[in-house]
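Given these sequences and hints, build the entire structure.
One-letter residues, chain by chain:
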Amino acid sequence: MFKHEWIEKNVGIMLVAIMLAISIGGMVEITPLFFIKDTVEKVAGVRPYTPLESRGRDIYVREGCYLCHSQMIRPFRDEALRYGHYSLAAESQYDHPFQWGSKRTGPDLARVGKKYSNEWHVQHLNDPKSMVPASVMPRYPWLLTTPLDYSDVTDRLKALRQVGVPYSLTQGEYDRNVKEFGADVAKMLHIPDAQKNLIAQAQAGNYDGDRSNVSEMDALVAYLQVLGTMVDFSKYDNDEFVKFR
Amino acid sequence: MSQQKTQMAQTTGHVWDDDLQEYSNPLPSWWLIGFYASVIMALIYWMIYPAWPVGKHFTTGFNTVTYVNDKGQEKTWHWNTRAQLMKDMNEAQKMQKPYFDKVAAMSFADIARDPELTNFVNSAGKALFADNCAACHQSGGQGKPGFFPNLTDDDWLYGGTYANIQESITKGRHGYMPAFKEVLNATQLDELANYVASLSGEKADAAKAKAGDALFHSETAACYYCHGNDAKGRQQIGSANLTDKIWLWADVPGQGTPEKKVEAIRTVIANGLNRGVMPAWEDRLKPEQIKLLTAYVHGLGGGK
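Here the protein sequences line up with chains A and B, keeping their order.
FYI, the numbering used here numbers position 120 of the first sequence as 120, with every residue one higher than the one before it.
FYI, the numbering used here numbers position 5 of the second sequence as 5, with every residue one higher than the one before it.
Keep in mind that the hints are not guaranteed to be accurate.
As the list claims (entries may be wrong) - List of simulated lysine to aspartate or glutamate pairs, EDC-like, C-alpha gap at most 20 Å:
| no. | chain 1 | residue 1 | chain 2 | residue 2 |
| --- | --- | --- | --- | --- |
| 1 | B | 286 | A | 79 |
| 2 | A | 129 | B | 131 |
| 3 | B | 87 | A | 152 |
| 4 | B | 94 | A | 79 |
| 5 | B | 171 | A | 127 |
| 6 | A | 42 | B | 70 |
| 7 | B | 87 | A | 237 |
| 8 | B | 87 | A | 127 |
| 9 | B | 94 | A | 239 |
| 10 | B | 144 | A | 5 |
| 11 | A | 9 | B | 22 |
| 12 | A | 235 | B | 282 |
| 13 | A | 235 | B | 70 |
| 14 | B | 126 | A | 78 |
| 15 | B | 75 | A | 237 |
| 16 | B | 286 | A | 232 |
| 17 | B | 232 | B | 154 |
| 18 | B | 87 | A | 239 |
| 19 | B | 286 | A | 237 |
| 20 | B | 97 | B | 110 |
To be verified - Chain B is nowhere near these chain A residues, computed Cβ spacing over 10 Å in every case:
| no. | residue |
| --- | --- |
| 21 | 17 |
| 22 | 61 |
| 23 | 62 |
| 24 | 82 |
| 25 | 94 |
| 26 | 115 |
| 27 | 131 |
| 28 | 132 |
| 29 | 146 |
| 30 | 147 |
| 31 | 170 |
| 32 | 175 |
| 33 | 196 |
| 34 | 203 |
| 35 | 230 |
Calculated directly from the structure, the hints in this document are not laboratory data.
Just so you know, these numbers come straight off a predicted model, no measurement behind them.
All residues carry an ideal CB built from backbone N, CA and C; glycine is no exception.
Below you can see the structure in the form of structure tokens.
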């Protein structure tokens with residue numbers, strides 16, 4: 001009764017069968033991750049991005065940086081020597097979507113934060129070849145001249161809050177963040193103050209070397225400079241991370 | 001031949017468009033063997049390595065990896081890449097350790113005298129330099145005028161001794177010079193720029209330079225406070241020597257005419273500097289790696 005011919009001759013049934021087969025594969029791989037408690041390491045320091053960093057991340061995605069740069073240091077010796085400690089799942093727990101990437105034309109950026117000065121990043125984004133003569137990275141000169149559009153930053157943070165990033169709207173959520181991240185970070189995560197915080201951070205950090213405006217460069221460099229710097233690995237024995245695999 | 005084959009082979013029984021038929025040949029045996037072999041392979045793999053989720057955990061597999069953790073204790077865990085990495089790193093470090101121990105224990109002078117260790121410093125230092133320093137100071141340490149200082153000449157903003165270089169790498173640096181456009185008027189800026197140009201033998205208006213000399217040593221501009229009475233700079237605070245022909249911030253050698261050279265200097269005096277940031281490497285590199293890099297950078301040509 002259940003002959004192959006029967007499936008092959010009924011497009012609708014065939015379609016359902018294909019979807020079933022594919023979704024079984026997907027479910028087998030993905031579903032357990034939601035139930036294995038040990039997937040995400042418990043480390044101190046990982047926090048959601050500040051409004052400025054978050055906008056920088058949006059620009060990172062807009063410009064397609066992920067097409068050439070990964071943010072995922074794998075636990076291999078060559079990567080440990082070049083990039084540093086392997087990435088933890090915990091470090092991208094607030095990334096939506098994560099920026100692990102799937103291809104490296106340029107180097108991995110998971111731990112690029114604080115490795116170079118702001119000035120280097122600005123000059124390098126403006127004209128990569130002027131800093132790294134052999135680079136094939138394209139130029140991004142408009143970042144420095146385009147003012148950052150932060151009019152919708154509160155909505156953007158609200159959207160991230162919807163998918164589980166602990167940005168706070170209410171006093172209760174704010175208090176919870178103070179407990180979890182400390183007062184300084186909690187202030188930066190408070191959505192009603194997002195615009196104010198964004199401008200303050202851009203001016204204090206002076207990422208693009210020009211205090212008079214908030215450019216897209218400010219946001220992107222602020223984002224790049226925080227990548228991979230949240231966890232203090234000197235506090236942890238690598239033994240602890242082995243237990244999560 | 002093909003005619004004959006058509007008659008002999010079995011077909012699926014389907015006929016399309018009057019004469020189109022589909023063969024129903026058995027799978028070639030080499031393919032079938034390969035298929036079953038890979039099924040068996042998968043079963044073996046599942047037994048050896050972490051594979052299937054079970055409840056809140058997963059099957060860990062029989063394979064184990066024995067590694068030495070950060071505290072120096074030997075541990076055995078089911079095979080996984082994180083444990084395997086610790087094992088790999090330990091094995092590689094074991095080979096480099098005797099050299100790094102020597103670098104850590106010996107004085108810089110002794111390292112320079114030991115040919116074997118100098119070889120190690122040069123090869124390991126080159127790799128570390130390429131990963132961490134070359135993005136700014138360029139692959140040979142020649143720097144980038146206007147951005148990052150040359151490490152191969154004998155002009156050092158913060159000093160070129162081993163101790164100075166080690167301090168620079170460990171703690172990082174941040175160059176700063178106040179902007180003088182609010183303090184000085186256009187004539188005064190011009191006079192100062194002419195004076196600074198004359199200090200390193202560039203063509204300058206003698207009268208203006210003389211007035212600039214007075215300003216330089218006055219309390220109005222107080223340039224001498226950071227650059228010193230002799231304008232040779234003070235390495236404790238990283239102020240530049242203005243009497244040599246080496247320029248980092250004002251691109252004097254790159255300008256065609258004396259007027260433009262003076263203008264380049266004037267711009268820096270007027271706007272000041274809040275750049276020349278070198279990151280601190282103490283969180284990224286181990287002390288012995290920094291010491292090795294110090295020896296390498298010192299050996300690039302300009303070490304004092």
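| request: Starting from the hint list further up, note which numbers the structure goes against and sort them upward. | output: 3, 5, 8, 10, 24, 26, 27 and 28
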